[in-house]
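Taking our numbering, the leading residue of the sequence shown gets 8, the next gets one more, and so forth.
A portion of the hints provided could be inaccurate.
Claimed, not checked - What follows is a list of derived Cβ distance ranges for each label pair:
hint: 1; residue 1: G76; residue 2: T35; range: 37 to 45 Å
hint: 2; residue 1: T72; residue 2: P38; range: 42 to 50 Å
hint: 3; residue 1: R64; residue 2: H31; range: 34 to 42 Å
hint: 4; residue 1: P17; residue 2: L51; range: 37 to 45 Å
hint: 5; residue 1: D27; residue 2: E62; range: 28 to 36 Å
hint: 6; residue 1: V59; residue 2: P17; range: 16 to 24 Å
hint: 7; residue 1: A67; residue 2: H23; range: 14 to 22 Å
Source of the hints: derived by calculation from the structure; they are not laboratory data. Ideal Cβ placement from N, Cα and C applies to all residues, glycine included.
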Amino acid sequence: MAGRDLFVTPLQESVHRRLDEITHSVYTTSPEIQDELDNLSVTLLAGALRTVLAEHRPDASGHCTLCHGRRNPFTRKRGPLPCRAYLAAQVALVPDEPGEISPDDSTRSRARERMYYFLR
């Protein structure tokens with residue numbers, strides 16, 4: 008259980024905290040911005056992501072059977088692997104650091120590249 012607490016539980020908490028912030032921001036914005044957010048259906052998207060993440064339940068050691076398959080109890084014990092879905096969600100939800108942005112690189116393509124890296 009201690010292995011899971013190092014980064015799996017904080018990763019899950021961080022993703023859900025960010026989804027809550029996005030959902031609550033819909034109700035606390037000005038009317039002009041509210042119209043734009045309604046068009047984007049932010050609440051619907053956050054709910055859909057929560058539904059997908061609900062399928063990914065890491066066990067006590069941090070192993071997600073949906074992402075990494077079931078373990079054979081007789082094989083060597085692996086270290087805690089983060090759930091790929093939670094990792095991809097974290098990468099997509101956290102904006103890039105201001106120092107990392109370069110004018111020729113789009114933020115969307117960088118996030119997509121990072122997500123593909125973690126989902127391999």
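Check: Which hint numbers doesn't this structure obey?
Finding: Numbers 3, 4 and 5 - these are the hints that the structure violates, sorted from lowest upward.
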